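Protein chains in written order, with our numbering: chain Y, 90 to 457; chain A, 90 to 457.
Everything labelled a hint here was simulated from the structure, so no lab data went into it. As the structure is a computational prediction, the values presented were derived from the model and not from experiment. Any given hint might turn out to be false.
Note that the list lumps identical chains together, so a pair holds whenever it fits in one copy or between two copies.
Capping the alpha-carbon separation at 27 Å, the derived lysine-lysine pairs in DSSO-like fashion look like this [what the hints assert, rightly or not]: (1) Lys-154 with Lys-349; (2) Lys-165 with Lys-154; (3) Lys-128 with Lys-329; (4) Lys-407 with Lys-202; (5) Lys-154 with Lys-392; (6) Lys-392 with Lys-434; (7) Lys-165 with Lys-128; (8) Lys-154 with Lys-128; (9) Lys-428 with Lys-349; (10) Lys-392 with Lys-437; (11) Lys-326 with Lys-428; (12) Lys-349 with Lys-151; (13) Lys-428 with Lys-273; (14) Lys-151 with Lys-165; (15) Lys-407 with Lys-154; (16) Lys-329 with Lys-428.
Spelled out from the first residue to the last, the chains are:
2 protein chains.
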Amino acid sequence: MKLKLLAGLAILTLLTACGEKAGSTHATQGQAASQDPVKTYNWKLVTSWPKNFPGLGTGPEKFAKLVDEMSAGRLKVKVYGAGQLVPALEVFDAVSRGTAQMGHSGAYYWKGKTPAAQFFTSVPFGLNAQEMHGWIHYGGGMELWQELYAPFNLIPLAGGNTGVQMGGWFNKEINSLEDLKGLKMRIPGLGGEVLERAGGTPVTLPGAELFTALQTGAIDATEWVGPYNDLAFGLYKAAKYYYYPGWHEPGSMLEFMVNKTAFATLPADLQAIVRTASRAVNQDMLDEYTARNNHALIELVEKHSVQLRAYPQDVLLKLRDLSAEVLADVASEDPMSQKVYASFKAYKENVMAYHSLTEQAFLNARSR
Amino acid sequence: MKLKLLAGLAILTLLTACGEKAGSTHATQGQAASQDPVKTYNWKLVTSWPKNFPGLGTGPEKFAKLVDEMSAGRLKVKVYGAGQLVPALEVFDAVSRGTAQMGHSGAYYWKGKTPAAQFFTSVPFGLNAQEMHGWIHYGGGMELWQELYAPFNLIPLAGGNTGVQMGGWFNKEINSLEDLKGLKMRIPGLGGEVLERAGGTPVTLPGAELFTALQTGAIDATEWVGPYNDLAFGLYKAAKYYYYPGWHEPGSMLEFMVNKTAFATLPADLQAIVRTASRAVNQDMLDEYTARNNHALIELVEKHSVQLRAYPQDVLLKLRDLSAEVLADVASEDPMSQKVYASFKAYKENVMAYHSLTEQAFLNARSR
Numbered sequence: 090m091k092l093k094l095l096a097g098l099a100i101l102t103l104l105t106a107c108g109e110k111a112g113s114t115h116a117t118q119g120q121a122a123s124q125d126p127v128k129t130y131n132w133k134l135v136t137s138w139p140k141n142f143p144g145l146g147t148g149p150e151k152f153a154k155l156v157d158e159m160s161a162g163r164l165k166v167k168v169y170g171a172g173q174l175v176p177a178l179e180v181f182d183a184v185s186r187g188t189a190q191m192g193h194s195g196a197y198y199w200k201g202k203t204p205a206a207q208f209f210t211s212v213p214f215g216l217n218a219q220e221m222h223g224w225i226h227y228g229g230g231m232e233l234w235q236e237l238y239a240p241f242n243l244i245p246l247a248g249g250n251t252g253v254q255m256g257g258w259f260n261k262e263i264n265s266l267e268d269l270k271g272l273k274m275r276i277p278g279l280g281g282e283v284l285e286r287a288g289g290t291p292v293t294l295p296g297a298e299l300f301t302a303l304q305t306g307a308i309d310a311t312e313w314v315g316p317y318n319d320l321a322f323g324l325y326k327a328a329k330y331y332y333y334p335g336w337h338e339p340g341s342m343l344e345f346m347v348n349k350t351a352f353a354t355l356p357a358d359l360q361a362i363v364r365t366a367s368r369a370v371n372q373d374m375l376d377e378y379t380a381r382n383n384h385a386l387i388e389l390v391e392k393h394s395v396q397l398r399a400y401p402q403d404v405l406l407k408l409r410d411l412s413a414e415v416l417a418d419v420a421s422e423d424p425m426s427q428k429v430y431a432s433f434k435a436y437k438e439n440v441m442a443y444h445s446l447t448e449q450a451f452l453n454a455r456s457r
Numbered sequence: 090m091k092l093k094l095l096a097g098l099a100i101l102t103l104l105t106a107c108g109e110k111a112g113s114t115h116a117t118q119g120q121a122a123s124q125d126p127v128k129t130y131n132w133k134l135v136t137s138w139p140k141n142f143p144g145l146g147t148g149p150e151k152f153a154k155l156v157d158e159m160s161a162g163r164l165k166v167k168v169y170g171a172g173q174l175v176p177a178l179e180v181f182d183a184v185s186r187g188t189a190q191m192g193h194s195g196a197y198y199w200k201g202k203t204p205a206a207q208f209f210t211s212v213p214f215g216l217n218a219q220e221m222h223g224w225i226h227y228g229g230g231m232e233l234w235q236e237l238y239a240p241f242n243l244i245p246l247a248g249g250n251t252g253v254q255m256g257g258w259f260n261k262e263i264n265s266l267e268d269l270k271g272l273k274m275r276i277p278g279l280g281g282e283v284l285e286r287a288g289g290t291p292v293t294l295p296g297a298e299l300f301t302a303l304q305t306g307a308i309d310a311t312e313w314v315g316p317y318n319d320l321a322f323g324l325y326k327a328a329k330y331y332y333y334p335g336w337h338e339p340g341s342m343l344e345f346m347v348n349k350t351a352f353a354t355l356p357a358d359l360q361a362i363v364r365t366a367s368r369a370v371n372q373d374m375l376d377e378y379t380a381r382n383n384h385a386l387i388e389l390v391e392k393h394s395v396q397l398r399a400y401p402q403d404v405l406l407k408l409r410d411l412s413a414e415v416l417a418d419v420a421s422e423d424p425m426s427q428k429v430y431a432s433f434k435a436y437k438e439n440v441m442a443y444h445s446l447t448e449q450a451f452l453n454a455r456s457r
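Just need the whole structure built from these sequences, with the hints factored in.
So, in structure tokens, the structure goes:
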């Protein structure tokens with residue numbers, strides 16, 4: 090991963106040397122603009138993922154391609170992998186101050202900036218992808234998210250979804266709550282807090298370090314995403330057991346963020362193009378994970394002899410109870426978190442009631 | 090509904106009288122085009138739904154708005170409700186011959202034209218919305234759909250999804266398989282064939298006639314969509330019991346269709362805008378249904394005293410077995426149906442295996 094990043098940086102330097110100037114004004118066939126018919130915009134988009142990482146990293150690349158096509162080249166978006174322009178976890182600050190016009194990341198990374206951000210990716214025992222998108226776009230979520238990011242001069246947009254993730258990779262079996270005690274697991278955010286209350290030791294590590302940490306025994310377990318991504322990271326070489334379901338991230342929605350000042354300089358048609366391309370990518374990423382995860386899982390099980398394990402029911406029940414406690418505590422930290430949690434919780438109760446008669450009832454009837 | 094349509098027609102006539110000419114060429118602030126900087130396109134989009142019907146009908150209106158905004162007014166799409174320009178079930182022919190440049194409908198209505206079309210909306214015990222979108226965009230579905238529609242000079246695009254529908258409205262309880270015998274139910278397509286094999290009598294009726302047919306006892310039961318739409322139709326006034334889950338349509342994906350010749354006349358940027366706007370609407374409709382169905386269900390139950398009923402498990406099991414028989418028979422009818430069914434079936438087995446560990450396992454763990 091590190092080698093790849095270095096290679097990426099070298100290529101980047103070459104590209105920059107041959108590069109186009111930002112905001113250049115030149116006529117090209119198929120170009121057009123609102124106020125100025127030949128104005129082109131050259132934007133930077135920084136991400137928290139390795140360049141072109143499957144799903145997470147290819148999402149913003151597809152966004153850039155759609156924007157280029159729809160704008161007939163008037164808005165060019167150059168995508169940077171983590172560390173190429175700014176480190177993975179400095180995306181928020183970089184876009185906020187205008188170093189880049191856009192970013193692609195996960196809102197829960199910004200809990201240190203604003204705690205309520207944790208509700209806008211995925212929370213333990215929260216919403217699956219379909220439910221999350223409903224909350225964001227028709228359940229009041231987006232309005233709250235905009236309010237939350239406004240003080241940072243940022244506009245948030247939904248930016249893809251992984252679906253329900255896997256429970257993670259383990260080098261010991263989890264047969265009871267006792268087995269969680271002392272467990273050193275890489276699990277960030279709210280899931281980590283839940284594990285801590287269950288007696289475990291959550292560890293935060295960037296994706297690129299998971300393999301070594303697991304292999305050397307520095308950690309006993311790690312979660313990442315799902316088979317499609319986990320296979321790419323080779324985690325099966327460092328752990329025996331692959332647990333399900335991913336109770337801690339049941340439908341992680343990624344985010345695009347746009348610098349508000351930069352957005353305001355765009356003519357209305359390019360603004361609509363940015364918004365609509367992000368919406369299309371939000372679905373496209375979920376479609377890709379949905380179609381590809383199982384092929385990767387089959388490869389993991391059949392070729393690499395990975396052993397699938399279900400979390401025991403009493404473990405899941407305990408983790409669920411602890412999750413409710415953690416969320417209530419987060420919500421009590423500040424008024425905005427309280428407001429977001431109230432909206433999230435009311436929506437969740439509603440959608441769960443309906444999905445128990447439809448999505449869930451159907452999946453169960455189909456497989457019975 | 091008929092009165093509404095007549096009112097719609099009157100408004101339409103007025104609009105046409107004041108109207109713009111198709112293909113007019115005039116400069117407007119914010120306009121732009123590829124080959125010809127002032128060329129505008131005026132397209133017609135015919136639909137199978139009442140004008141502005143919640144979800145199904147507002148989807149194409151949103152599409153038109155997105156296209157207008159992103160193209161800075163260069164592509165204007167005028168949406169027609171069912172019967173305004175062509176009847177609901179003549180959308181396919183109208184777009185095929187170029188009477189309208191686009192249509193919005195459901196592929197399963199065109200089984201008389203090409204039987205394999207039935208696989209591109211929803212099939213009994215098939216895929217839910219998330220799974221369907223995965224098959225279409227990353228599982229080979231779209232390529233087959235394009236092949237299927239090519240002889241009709243049509244390009245298909247995903248155009249929205251209702252999610253798992255409800256099982257329908259009944260005036261008698263379904264306690265056993267015996268209760269399906271002789272049941273006169275409005276249930277179109279493959280679901281109807283399944284009911285027939287279970288001893289029932291499927292009836293096909295347009296949406297606008299459901300209420301009267303149910304109230305007069307001409308039918309014993311009807312399916313429609315889900316609470317959000319069913320409440321709008323007032324079906325609770327004509328039936329006592331509301332059954333779940335909707336085994337017959339577990340994730341109905343609507344369709345946009347574009348006349349291939351008309352599409353080819355568009356510059357590349359407008360082509361990309363049409364494709365991307367449809368993708369955004371495909372998710373937007375599902376988001377809307379997901380967020381709004383439960384509020385409508387609460388109103389049905391609490392305000393209108395609707396009685397919710399689950400299909401008995403043995404009834405669902407029998408319907409599932411019969412569904413597999415019906416699908417296999419449809420697939421044996423022609424080589425293209427065979428090819429589509431083979432792709433659908435292989436994908437379904439794969440995605441079910443993965444979702445049993447993730448989406449389904451999570452929903453069950455969350456509600457346990």
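Verification of the hints:
Taking CA atoms no more than 27 Å apart as the test, Lys-154 paired with Lys-349 passes in both settings, with 22 Å inside one copy and 23 Å between copies. With identical chains, the CA atoms of Lys-165 and Lys-154 are at most 27 Å apart both within one copy (9 Å) and between copies (24 Å). In the homo-oligomer, the alpha carbons of Lys-128 and Lys-329 never lie at most 27 Å apart, since the shortest distance is 56 Å inside one protomer and 62 Å across protomers. For a Cα distance limit of 27 Å, the shortest separation of Lys-407 from Lys-202 qualifies neither inside one copy, at 30 Å, nor across copies, at 55 Å.
Proximity of Lys-154 and Lys-392 under a CA criterion of 27 Å is satisfied in neither setting, with 35 Å inside one chain copy and 49 Å between copies. In this assembly of identical chains, Lys-392 and Lys-434 lie within 27 Å of each other by CA distance solely across copies; the values are 23 Å between and 42 Å within a copy. Within a single copy, Lys-165 and Lys-128 get their C-alpha atoms as close as 11 Å, and across copies as close as 24 Å, so both meet the 27 Å cut-off. For the identical chains of this complex, Lys-154 and Lys-128 are neighbours both inside a copy (19 Å) and across copies (24 Å), given an alpha-carbon limit of 27 Å.
Proximity of Lys-428 to Lys-349 under the C-alpha cut-off of 27 Å is restricted to the intra-copy arrangement: shortest distance 23 Å within a copy versus 49 Å between copies. Proximity of Lys-392 and Lys-437 under a CA criterion of 27 Å is satisfied inter-copy only: 22 Å between copies versus 39 Å inside one chain copy. Taking the shortest Cα distances, Lys-326 and Lys-428 never come within 27 Å of each other, neither inside one copy (44 Å) nor across copies (38 Å). Both within a single protomer and between protomers do Lys-349 and Lys-151 lie at most 27 Å apart by alpha-carbon distance, with minima of 22 Å and 25 Å respectively.
Taking the shortest alpha-carbon separations for Lys-428 and Lys-273, neither the intra-copy value of 33 Å nor the inter-copy value of 49 Å comes in at or below 27 Å. Taking the closest pair of Cα atoms, Lys-151 and Lys-165 come within 27 Å of each other both inside a single copy (12 Å) and across two copies (26 Å). Proximity of Lys-407 to Lys-154 under the C-alpha cut-off of 27 Å is found in neither arrangement, the shortest distances being 45 Å within a copy and 48 Å between copies. In this homomeric assembly, Lys-329 and Lys-428 never come within 27 Å of each other (Cα to Cα): the closest approach is 42 Å inside a single copy and 39 Å across copies.
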